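Chain by chain, the residues:
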Amino acid sequence: MTEITKELVRDHGLSDDEYDLVVKHMGRTPNITELGIFSVMWSEHCSYKSSRVWLKKLPTSGPQVIQGPGENAGIVDIGDGDAAVFKMESHNHPSFIEPYQGAATGVGGIMRDVFTMGARPVANLNALRFGAPDHPKTRYLVGGVVSGIGGYGNCMGVPTVGGEVNFHPGYNGNILVNAMTVGVAKADRIFYSAAAGVGNPVVYVGSKTGRDGIHGATMASAEFDDQSEEKRPTVQVGDPFTEKLLLEACLELMSGDAIVAIQDMGAAGLTSSSVEMASKGQVGIELDLDQVPTRETGMTPYEMMLSESQERMLMVLKPGSEERAADIFRKWELDFAIIGQITDTNRLVLRHGGAVVADMPLHPLTEQAPSYKRPWVATEAAEDIGDLSYPDTSAFDAVLLRLLACPDLASRRWIWEQYDHSVMANTIQKPGGDAAIVRVGDSAKALAMTTDVTPRYCKADPFEGGKQAVAEAWRNLTAVGATPLAITDCLNFGNPERPEIMGQFAGCIEGMAAACEALNFPVVSGNVSLYNETNGEAIPPTPAVGGVGVLKDLRKSVTLALKQTGSTLYVIGEATGHLGQSLFLREILGSEAGPPPPVALDVEKQNGDFVRKAIGEGLVLACHDVSDGGLIVALAEMAMAGGIGVEITSPPQGPALWHTLFGEDQGRYIIEIETHKRDAFEKRALDAGVSASQIGLTGGNRLDLPGIAAIPIEKMRAANEDWLPGYMAS
Amino acid sequence: MKARIHVTLKNGVLDPQGKAIENALKALGFDNVAGVRQGKFLEVDLAPGDAGAAKAQVDDMCQKLLANTVIEDYDIEIEG
Amino acid sequence: MRSAVVVFPASNCDQDVARALEKVTGTAPHMVWHADSALPEVDLIVLPGGFSYGDYLRCGAMAAKTAIMADVVRRAGAGTHVLGICNGFQILLETGLLPGAMLPNANVHFVCRDVHLKTERTDTVFTRHYENDALLRIPVAHHEGNYFASDQVLDDLEGSGQIVFRYADENADITEDANPNGARRNIAGLINGRGNVLGMMPHPERAVDDAHGGIDGLPLFRSLLDALS
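Protein chains in written order, with the working numbering: chain A, 1 to 730; chain B, 731 to 810; chain C, 811 to 1039.
Be careful, since some hints might not be right.
Stated by the list, open to error - Part of the chain B face toward chain C, derived, beta carbon under 10 Å:
(1) ALA783
(2) LEU796
(3) VAL800
No lab work stands behind these hints: they were computed from the structure.
The structure presented is a predicted model; accordingly, all values stated were derived computationally and were not measured.
For glycine and all other residues, C-beta sits at the position ideal for the given N, C-alpha and C.
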């Protein structure tokens, strides 16, 4: 017997107080298997012990919500008896240690979360944050993560249709890989994870269990130090081939009525799946570990329970359906084993070699897990940007070209061309637009989806940044004509034991909650990733938001590409020329100062509802939201996408030139309207109480600011398209 | 008994992965790298038996599945 | 027209091509599992895109050795029409129904984008609905589409007019820049000497609907319907 020493307890990430609690719950000293199970279940990753009290503040309900947080994924009603099932999850630490496998298994894990619920995954998105381009590891990490995402998603035959990428030195030691999957199911054919039925068989399917990834969940809940790269052996290896078979086998089994409950074995593998299923169902569970299919010989109960081997699922079946289920898994050449049964004891009991090797109460592992209201301090308000020394007007074209080529604005084509974004033959709007659009089967209906957050805003003002992340997702869905439905989130922060980090977390949550409430855009699923720090340096607060919306008629969607010459361009929404935290300030003037642009949620809603209605009525030829880089960058992107130029009718002069064109004021869109519909359109805007001002006309092949600059589209494209491939090749 | 099989691209067939590895090595400062060819290494565990017969059998495996002789060469070692 | 789509483990364009076939022909194809030993009586057999057997060992290598492929080879020999798309093309090369082999893309990255294709044969059962020299826009999505054959084989293919599609630029010029994967002589699609087996890397089933942003794949399925009904 392994002796449970203080050191061993600490190695399992449990504090002295937490260990005392373990002993109290057990009524005795735990053995090593039991200690391991407590350790993973009470890790930040599984227990949300630092975040639970805050997460309760997020709105999670609405008439569209079928399933909110707490299941494998969230579910919203999309009409006609269909449901969208989606979730975003982090795989940050594994991706930093081994970028290909870390990203690949992240994608594999999130797809399992979605098909576990009976949905066929129809789209993947990824929110990625890397360190500074000139950091020695960045290029290697970008290459590995992108190949890993492609390697897994492409093989699965699920299109990767969108996402976002940022570069900032704040991520040098902790990259973020947040993967989102959207699936579609019939609303009356959804599968949940709560176990039921005393005596029902517990079934293991998928790949065999090996010693990989043992303690991944604990690793994901600890800060990095310089030795972390030596943790490589604990990283799991993904097998998308097996997962594709698992997907098809599960969906085939789900077409019948054999399944009582199902959950994938993700972080903390067999432990979290068995404990959570039984605990949710208010039952007990008994497993015979001798029946677990293993890949290696001599595996101990501890290793089997903590292994994070991928592509595995745990199910509770209806008695009598075992043979039919086994046949399906045999057909797909996957392991199928009955490894236990449901009991009425509210306990987890494990047997191995004929002996009981663990016997523990379930509730202390889940709902009675520690929960902390950690001390926090609010982030101090950012100081004003102060006096700026503006560039000379003659440098306007150089400034714009530099922005279009900066790492945060440069084209991501090099990345998304490595993802199969058109498999399933339903991709209506591919990567590169405001939101991706994926048709639902052969119907006229489509889902729109996007991921958004602006970490530099969150760092300067967590509350406004949190609001902005939600509002921008809502805006991006609106910009393609979709009705926003709900979000999933992936909350990436530093060490929650530091009050200033907890303050960032609290602020972002409050801001997100306010925006979700105001925009009727509830949170239905999500994940928290804390301890994203290296040697005491935390990442910028990054609450990534994945938004999903619906289009009743996909023919009524629009893209950002300008469509014809002679149209009139309008800006919807007012601006003050807010340059604080703008990319112009950072990239051109070298300052990361100032407060972020505030989001006026009532105006946001009013503007968005107006734009969506206009798109739905066929009035809008093209639409693009105004975000990073401001108005001028949005116009440049519309011109580049459509291959049609823009003449800005009367560009502002003096400092206003920079403030108006590069300010990142929120709640704005640019729309292209046929010129002969101008009067009618302006009247509509007036009636709706929405600010709509003409900014220019379409035509030619340049972005033309009379008297200031006239920049050929080709030159902008070269600047915008060349940076990333050039960087990756160097 | 074990068969060790190396499968390599034939001379003259472009090896994009080898080329990429070569460039990466040079970027790491290994200036004297003159070329890299990437191949596959397979280990096949066989029931004990006659080495000559085993080699013939593994050769058949290579012809039928393990190598594509349009573009690949292979080399077999039998041990034990 | 009666058709069948063979489904291998980790085929992933089988449903897409089945939908395209049904859309054009009005009849759903038979979906045939790789472990079955024989195909039903059909006029067209489709080997769909995907990652059969995970693309492990070599793309298409293990699929080429399945029970069903023995029957495909036999049917092809008897004159049944066979269309291999992407991974299906790789499988056709591995079975020897078409000459040559696939290497990883020259830039070693997966590539998914719309490409332009020049149609060099419009007298085949697969392409009769295309205009001569038509320039098509159809997506590719693959990691190993870098077609390789010896100069001798390539010369023979050219001589006998077996090259059906080549990667071209928007002006229909066959250039190196227009080649997404390094394929020799910009080869995107090949037909056998008898004219009943076509392999192509691009995905015509992803260009059959206005919502796809292009319908240049439609004439291929219409040609088959026309010829085989």
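Tested hints:
1. Taking 10 Å as the C-beta cut-off, the interface hint given for B/ALA783 is violated, the closest approach to chain C being about 22 Å.
2. Because the closest C-beta pair between B/LEU796 and chain C is about 7 Å apart, less than 10 Å, the hint holds.
3. Interface hint at B/VAL800: satisfied, since its Cβ lies 4 Å from the closest Cβ of chain C, which is below the 10 Å cut-off.
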